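Could you put together the complete structure from these sequences and hints?
For the record, the sequence lines run as chains A and B. Residue 87 in our numbering sits at position 87 of the first sequence, with consecutive numbering throughout. Residue 157 in our numbering sits at position 157 of the second sequence, with consecutive numbering throughout.
Check each hint, because a few of them may be wrong.
DSSO-like mimics (lysine-lysine), calculated; alpha carbons at most 30 Å apart, straight line [stated by the list, open to error]:
hint: 1; chain 1: B; residue 1: K86; chain 2: A; residue 2: K111
hint: 2; chain 1: B; residue 1: K190; chain 2: B; residue 2: K318
hint: 3; chain 1: B; residue 1: K318; chain 2: A; residue 2: K123
hint: 4; chain 1: A; residue 1: K123; chain 2: B; residue 2: K190
hint: 5; chain 1: B; residue 1: K245; chain 2: B; residue 2: K43
hint: 6; chain 1: B; residue 1: K77; chain 2: B; residue 2: K190
hint: 7; chain 1: B; residue 1: K318; chain 2: B; residue 2: K86
hint: 8; chain 1: B; residue 1: K190; chain 2: A; residue 2: K111
hint: 9; chain 1: B; residue 1: K377; chain 2: B; residue 2: K43
hint: 10; chain 1: A; residue 1: K59; chain 2: B; residue 2: K245
Just so you know, the hints here were simulated from the structure itself, not pulled from any lab data. Predicted model, so just to flag it, every value in this text is computed and none were measured.
Here is what each chain is made of, one letter per residue.
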Amino acid sequence: MNMVPLALEGAWKVLAAGLVLGAGLPILYAFAVRGLAMAAGGTAIVGGRRMAAGVQSDKDWTVTILLSVLVGGLGMDRFYLGSWGLGLGKLLTGGGLGVWSLVDMILAVTKNMRDAQGRLVGKPEPEASDEDVHGATPNVAGKILAGALLLVILLAVSYGISFIVATGVGKVVTFDHIIPWFVDKKK
Amino acid sequence: MTTATMILALVVVVALAFDFTNGFHDTGNAMAASIATGALSPKGAVTLAAILNLVGALLSVEVALTVSNSVVNLQDKAGLPLAAFKGESGAILLLLIVFGGLIGGIIWNLFTWLLGLPSSSSHALLGGLVGGTIGALGFAGVKWAGDGTKLDGVIGKVLLPSLLSPVIAMIVAATATRVIFMITAKIEDKFRERRFRWGQVGAASLVSLAHGTNDAQKTMGVITLALVATGTVSSTAVYVPLWVKLSAALAIALGTYLGGWRIIHTMGKGLVDISSPQGLAADASSATVILASSQLGFALSTTHVATGSIMGTGIGKKGATVRWSVAGRMVAAWAITFPAAAVMGAIMFWIANGIGGIVGPLIVFAILCGLSFYMWKRSRHNVIDHTNVNDEWHDGSKPEVAVAAHDIIDPHHELDAPQSAGPAAH
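See the structure below:
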């Protein structure tokens, strides 16, 4: 029965593709969520405390934006706000290959960035609202727009996965690389 | 109207009915996790799944014209019926095989739905076809192992994938879950729960899309086979007529929209208590395993992958428990799906062929309607629908919910138990 090795080889390829993409995508997502939580600070972190309403960072908002846009990839905005760890992280990863820089830029412009002490830059801490508990409810138009966007992304991702599997993982990392003695070389 | 044409009409109706049960049997594969964590409301989830199934079914460019080829010897490589099925009597024989097979598949799908067990719709279809073929041609008509050079036949397309694919999905989902919880260990549950829902919806949608592209085309292939057998579609160049594509896509979408709530309940609540990060891990794992396999040309069942993934997230999260009694019952259902559908398919073929003419198929059709009605009636004794699909699992085997230290300190804190996951679920 030489179908068993065939099946195991196939299983290996699917497992490799699954681990790279199927585990990789959620893990990337988890990093993004972690980044958001760190940016949000306060109650998003275990043991974190919510800033009292009205507290605001003493750092200048305009300077932060300028630094973020101009030299955000070097982590200068984060250094300015006193977050040395985050700044160093950005510096070493080239602004998280641009993604981290982009997120920070958006955070800075929308006045949602926090300094090392967890205070918002550019606006005072708002009163705790119901949204903090339940999350904002988007309107109908927003939902439809989000749905259409989701569909486009899905199509792109599914074709992307298919393409990567067909051309990449499945062909480059073959079963014989890992367990060479398993496949009969004489054939 | 000849007898063959009348049987053909019945076959088309039954094929669409199978497609419909396929849709509603498999809604849970994509949406059970999202519904259980409250990432989507039950109605919203089935609507999204239905739309994506429709899109997926219409997108599938390359329809599996030779779907039956994997397990039985009915068609040649181009999708044309073998020489044994030439002429009117041959065509009727082929139609009856397909007819019996489809009915066997439907009955098994409905029966497992009544029990709330997620069994594989593809196995039900292939099993039914094998049964019909055994009834007509004996065991020689079945392709058990192909020629052994590629994964083929009952062993290569049904048995081996069903042993391997749940394990692969389980490993991927468990790995993803473990790493996610390591990365987000410092984040409050409430924040994590909410942020992961968006990712979960995306991943679940991907599973729906993949399901539409995979499963609807099986029905399209079967209907086309019947059309070719009777010469309704030219036998020199086999193609899938547009109306077949459209009706199969609509049937699977409608089935998905009605939602197999019993199965969703088992998958979402019965196996593991899932939180939204686990949901993302499970759905992303299912989606990639399904897409990767179909890209590499391996046959597998979306149901096996999806349930494997959900169990994997239970294994991957510290403190979470898998209800192995439910899992065991489910695996038993997987194991008997193929033979059970085959037996039903064979019996249905014998009845239809034994009585003969148009009367035989009509009697079988009546049996199908009667059994369907009976099972629907039985299901009304304990209704599970979108209103109570998220209720707690009752069989006395409630797993312990891990309670972290900070949850005890703050009594107002939402636990990550999914029943409290969101107001959207109610």
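**Request:** Please write out, lowest number first, the hints stated earlier that are contradicted by the structure.
**Result:** Checked against the structure, the hints that fail are numbers 1, 3, 6, 7 and 10, while the rest are satisfied.
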